[in-house]
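Protein chains: 2
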Amino acid sequence: MRVGVLGTGIVGKTLAAALVGRGHHVMLGTRDVRRKMEEKAEEGSVSYRRWASTNKKVRLGTFAEAAAHGELLMNATAGHASVEVLSKIRPADLRDKILIDIANALGEWGEGPMELFVANTDSLAERIQRAQPGVRVVKALNTVTAHIMVNPKGLAGGDHDLFVAGNDPDARERVVRFLREEFGWKTVIDLGDLTAARGLEMLIMLWLKLWGVFGTADFNYKIVR
Amino acid sequence: MRVGVLGTGIVGKTLAAALVGRGHHVMLGTRDVRRKMEEKAEEGSVSYRRWASTNKKVRLGTFAEAAAHGELLMNATAGHASVEVLSKIRPADLRDKILIDIANALGEWGEGPMELFVANTDSLAERIQRAQPGVRVVKALNTVTAHIMVNPKGLAGGDHDLFVAGNDPDARERVVRFLREEFGWKTVIDLGDLTAARGLEMLIMLWLKLWGVFGTADFNYKIVR
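Chains A and B supply the protein sequences, listed in that same order.
So that you can map any letter, position 76 of the first sequence is 103 in our numbering, and since no number is skipped, the others follow by simple counting.
So that you can map any letter, position 138 of the second sequence is 165 in our numbering, and since no number is skipped, the others follow by simple counting.
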C-alpha cells in the first residue's frame with residue numbers, strides 16, 4: 028500500500044521504517060525537503076540525512092507530495108502545527124482518504140507549564156476534521172510512545188490496548204484491521220464517533236505524569252474487564 | 028477509625044457500608060438530615076431511610092457534623108457542589124485532616140452534552156485545596172465505579188490500578204496504605220502533587236465512552252509496563 032506520513036519527527040520516522048519493512052511504499056512529508064536534508068542533528072539524535080541513508084526505501088517529499096502519494100495518510104506532525112500543515116494539501120489529495128491522526132494537542136515543548144491547546148469540549152482531531160471535511164479522520168496511536176505503536180508485542184507480549192475514534196464506521200474498521208495486521212495490536216477498542224478523541228487526547232496529561240513517575244515511556248494502558 | 032463521608036449518593040453509601048463492615052465508625056454527611064430521611068426513593072433505587080435500616084451502623088449528620096466526626100474525610104459529593112459543600116464546614120474541622128477527593132468535574136446529569144466544568148490547566152481537586160488550604164486533599168478513587176472502589180478483587184482478581192495525587196507526600200502515603208489495607212487495592216500509583224488530578228479527572232471523558240461501548244461500568248485501567 029502507498030502510505031503518506033506527515034511529519035519527520037520520531038513518530039513519523041518510526042512509522043515509516045516499520046511500514047517499509049512490511050513492504051509498503053512510504054513517503055514522509057515535510058515542510059521544506061531541501062532544508063530537511065541539510066538539517067543538523069538534534070542533541071541525542073541523528074540528522075535526517077543520516078537516518079535516510081539507513082532507511083533508503085522511505086521517500087521524502089513535501090506535505091502536499093506525501094498526501095498525493097498516499098492511499099492511507101498518517102498525521103505525525105506536532106499537534107500545534109497540524110491544521111496549518113493540512114491546509115497546504117490540495118483537497119483532491121485528501122478526499123475520501125483515511126487520515127490516522129496521531130498528534131496530541133500540546134504546544135511547543137518548554138513553553139511554560141504543560142497544557143493542551145484544545146480539550147474537554149473539542150479536540151484536535153475534530154478541528155482537523157472540520158478544517159478538512161473531505162478526509163476521514165480516525166484518531167489512533169496518540170496514546171503510546173513511538174516504538175510501541177509499531178511493536179506492541181515488545182511490551183508485555185502485547186497485552187495492552189489501543190483505541191480508535193472517527194465519524195466514519197468503515198474507516199474505523201479499516202484502521203483497526205490495519206493496526207492489527209501491520210503492527211500486531213491485539214486489542215483495539217472502537218470508541219465510536221470523533222467526540223471520543225477528546226478523552227483520547229486528554230489522556231496525555233495522565234501519560235506525562237506516569238512518564239515522570241516511571242522515568243520511561245515504555246508503558247501503556249490496558250482496560251481490565 | 029472515625030471516617031466522615033460527605034455525600035449520600037451511591038459512592039458515599041458504598042464507601043460507608045464497606046467501612047463499617049471493616050469496623051470503622053462512619054458518619055455520612057448530607058445537606059439536610061431530616062429531608063434526607065424523608066426523601067422518596069429514586070427510580071431503580073431505594074430511599075435513604077430504607078438503605079439506613081439495613082446499614083444501621085452508618086450514622087447520618089450534616090456535612091459539618093460528618094467533618095467534625097471524621098479523622099479521615101472523603102468527598103463523595105457531586106463535583107459541581109463540592110466546593111460549596113466544603114464551605115459549610117468549620118476550618119477547624121478540616122485542619123490537617125486528609126480529604127480523599129473522589130468527585131469528578133461533571134455538571135448535573137442530563138444538562139446538555141457531557142463536559143467538565145474544570146479541566147486541563149486546573150482541576151476540581153486543586154479548587155478544593157485552594158478553597159480549604161488547611162485540609163490535605165488527596166485525589167483518588169474517582170476513576171472507578173463505586174463497587175470497584177471498595178472491592179477491587181471483584182474485578183479480574185484485583186489486577187488493575189488506582190492512582191493518588193496530592194501536595195502532601197505523607198498524606199498520599201497514608202491514603203495508599205488505607206486503600207490497600209481497607210479495600211485490598213494491589214497497585215496504587217503515586218503521581219505526586221495535585222496537578223496530577225487534572226489527568227485523573229480528565230480520564231472520566233474516556234471512561235464515559237468506554238462505559239457506552241461496554242454497556243457496563245465494570246472495568247478499570249491497568250498500566251502495563
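FYI, nobody ran anything at the bench for these hints, they're computed from the structure.
Careful, some of the hints might be misleading.
One copy or any two copies: either way a pair holds, since identical chains are not told apart in the list.
Claimed, not checked - Taking lysine-lysine and the DSS-like style, the derived pairs with C-alpha atoms no more than 27 Å apart in a straight line are: (1) Lys-180 x Lys-213; (2) Lys-180 x Lys-249; (3) Lys-180 x Lys-63; (4) Lys-83 x Lys-213; (5) Lys-249 x Lys-213; (6) Lys-67 x Lys-249; (7) Lys-124 x Lys-249; (8) Lys-83 x Lys-249; (9) Lys-249 x Lys-84; (10) Lys-115 x Lys-249; (11) Lys-213 x Lys-63; (12) Lys-249 x Lys-63; (13) Lys-180 x Lys-67; (14) Lys-180 x Lys-84; (15) Lys-180 x Lys-115.
Status of the hints after comparison with the structure:
| no. | hint | result |
| --- | --- | --- |
| 1 | Lys-180 x Lys-213 | both (9 Å within a copy, 25 Å between copies) |
| 2 | Lys-180 x Lys-249 | both (13 Å within a copy, 17 Å between copies) |
| 3 | Lys-180 x Lys-63 | neither (32 Å within a copy, 53 Å between copies) |
| 4 | Lys-83 x Lys-213 | neither (30 Å within a copy, 48 Å between copies) |
| 5 | Lys-249 x Lys-213 | both (11 Å within a copy, 16 Å between copies) |
| 6 | Lys-67 x Lys-249 | neither (39 Å within a copy, 40 Å between copies) |
| 7 | Lys-124 x Lys-249 | neither (30 Å within a copy, 34 Å between copies) |
| 8 | Lys-83 x Lys-249 | neither (36 Å within a copy, 39 Å between copies) |
| 9 | Lys-249 x Lys-84 | neither (34 Å within a copy, 38 Å between copies) |
| 10 | Lys-115 x Lys-249 | neither (37 Å within a copy, 40 Å between copies) |
| 11 | Lys-213 x Lys-63 | neither (35 Å within a copy, 49 Å between copies) |
| 12 | Lys-249 x Lys-63 | neither (37 Å within a copy, 40 Å between copies) |
| 13 | Lys-180 x Lys-67 | neither (33 Å within a copy, 53 Å between copies) |
| 14 | Lys-180 x Lys-84 | within (24 Å within a copy, 50 Å between copies) |
| 15 | Lys-180 x Lys-115 | neither (36 Å within a copy, 53 Å between copies) |
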